[in-house]
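Peer 1: Letter by letter, the chains look like this.
Protein chains: 2
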Amino acid sequence: MPSLDLSASSIELTRAICDIPSVSDDEQTLADAITEAVSGLAHLDVYRDGDTIVARTDTGKAQRVVIAGHIDTVPLNDNLPTRFIEVDGQPMLWGRGTVDMKAGVAVQLKLAAELVDPRVDITWMWYDHEEVAADLNGLTRLAKTRPDLFAGDFAILGEPSNADIEGGCNGNIRAIVRTAGVRAHSARAWIGENAIHKVAPILMRLSEYRPKTVAVDGLDYREGLNAVRIAGGIAGNVIPDACEVEVNYRFAPNKNADDAESHMRDVFAGFDLEVIDVSEGARPGLDAPLAQEFIAAVGGVPRPKYGWTDVARFSALGVPAVNYGPGDPHLAHHDNEQVPLSQIESVERGLRAWLSNP
Amino acid sequence: MPSLDLSASSIELTRAICDIPSVSDDEQTLADAITEAVSGLAHLDVYRDGDTIVARTDTGKAQRVVIAGHIDTVPLNDNLPTRFIEVDGQPMLWGRGTVDMKAGVAVQLKLAAELVDPRVDITWMWYDHEEVAADLNGLTRLAKTRPDLFAGDFAILGEPSNADIEGGCNGNIRAIVRTAGVRAHSARAWIGENAIHKVAPILMRLSEYRPKTVAVDGLDYREGLNAVRIAGGIAGNVIPDACEVEVNYRFAPNKNADDAESHMRDVFAGFDLEVIDVSEGARPGLDAPLAQEFIAAVGGVPRPKYGWTDVARFSALGVPAVNYGPGDPHLAHHDNEQVPLSQIESVERGLRAWLSNP
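These protein sequence lines are chains L and R, in that order.
The numbers in the UniProt record's numbering rise by one with no breaks, and the one at position 38 of the first sequence is 38.
The numbers in the UniProt record's numbering rise by one with no breaks, and the one at position 264 of the second sequence is 264.
Keep in mind that the hints were calculated from the coordinates and are not lab data.
Computed from a predicted structure; not experimentally measured.
All residues carry an ideal CB built from backbone N, CA and C; glycine is no exception.
To be clear about the criterion: a stretch of chain L counts as covered by chain R if any three or more of its residues have a C-beta under 8 Å from a C-beta of chain R, and this derived list gives those stretches:
(1) 166–176
(2) 187–197
(3) 201–211
(4) 231–239
(5) 242–249
(6) 299–312
Computed cross-link-like contacts, DSSO-like style, restricted to lysine-lysine with a CA-CA straight-line distance of at most 30 Å:
(7) L:K61 / L:K144
(8) R:K61 / R:K144
(9) L:K198 / R:K198
(10) R:K212 / L:K198
(11) R:K198 / R:K212
(12) L:K198 / L:K212
(13) L:K212 / R:K198
With the rest of the complex left out, here is chain L:
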């Protein structure tokens, strides 16, 4: 079993963690290494559930912060082991997981070992299966078996945010918009009714749609409405009687699931629409007192997070949550994933500045 040295630099630790492959559903080796590394630390109570590890300080502070990061990655594509590279003079660590999100996990592990008596109590969470279906997510499982572990006054997810604070996240809804026609032999098309042709106005509305940018608690959330799949047709000589367009709407966190569905029904008025998946967003929650202290300690101007992350889970539990981690989110899932070493160090400094007992 590989072992992790939590006294190494956060950069070296990032490299070590990335070089232990942990594609979703194959996190056990890394989870074992993390468990072994934190179990020896007297100031942490360690709890393990599957490949999710929770490590808590219990120093009797008035407030508690949850700091979490997922340990799984999307599949490899010849991008491990990691390499140190330089791009335009900037030193980077290249390879799967460097951005999404093992650099964040490495910083968390280093500080979990170091901060024996932090200014607030901390619940560290490293969890499995974030990159796959929500019902497999380690936090979904943990929320059922140990909801008490989610208690806190503030939460930080180490998702890549270019080492800036990204508040909240957009919601995410997917729906199928359907057309129906009448099947016929295409040699006598006038007997049928072409369901694919009827999709024209759906695609016109999509291509003419101008997504809004919505200010929520001082941050601007950029929305998006997109067809992500289209399918129709039976055979090369048959007028199709059915066609469906799967539409994905990313909505600002001032809307709940009902608002989002209702907006989609307005846009596609006159068409059959079925919602197949919805995740509400999260308001940035930056007005919470702990959030304000965190922003002051870290510096910089908070920005909105566009993608859905597990901050929404904490938000739904009433725990204000933000994303804060090294790496450019645009490079998440790219085969060319790479993180600037300076961002790893910056996040380490930011978290330490806020969490250290003055």
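With chain L fixed as given, assemble chain R onto it according to the hints.
Peer 2: For chain R alone, kept in the frame of chain L given last:
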């Protein structure tokens, strides 16, 4: 092995042939029965190639007519054995193959046995694999090995035509029209370019397209331009970078393959278009002297055939060809296939009237 009694009525013979299932690629039992039935007839030279049977008179007439019918059907769907039914007082034979096209084959077999000394020499052809890919078609095979057997001054295909003469057939071309975009995470759609949205004008052009009706040699051919398949999309959270629409154009026989392709390129100007399949149509050929005699003998007003049939094969060989058979072509391939008994008798009378030596 079931045996066929060619002295039975054409209605009874239709029933007997339909009750020997012969879905494409499974024609051997029926082909064996046909071979056995015609091999004993002294006035016919019989040639067999796979499950295709050719039976020729050789009476030294100045002219020769080819009369052909395929013996395969589309797959069964609980619609055999056949049943005699009555619809609005009209007696029908119901079941797979009754329309497409075993009633036509039965009439041909009966007349093949009966017409020992016809007014023109006759080449009868009963062939396999018409309902599947063109390269499997028994006539495609025969045209390679025995092109001499296709020699003739006129040809009649027994495809269902409601016992009327249907001249020529439309051509058939299929093309893929493609759009390209830029893949991106759907949470940051503005970084990508949605290839499905770009399909909107393609579908608008299709839904606004008004197909022409084109007069060719006195018959009106109704064209059609239809999307028969559409596909695009990668995952529920990805902006798609590619989408394709398969379009089927049925074109009047005044156009050749180049004309048809060029028309499609005009309609979809600005888009990438790839032709994947093309079959030219056939002009009705009703001005041929034998055709005129045939029309006069059968009576009625010739109509255009919309679907592509093997008449195009004869037309391409320079042999004028028409469709003439019992059954409503709209019921071809329907699970509810059924042929009016009166049409079977009508086609039998029509062919006999023309082919008998006066």
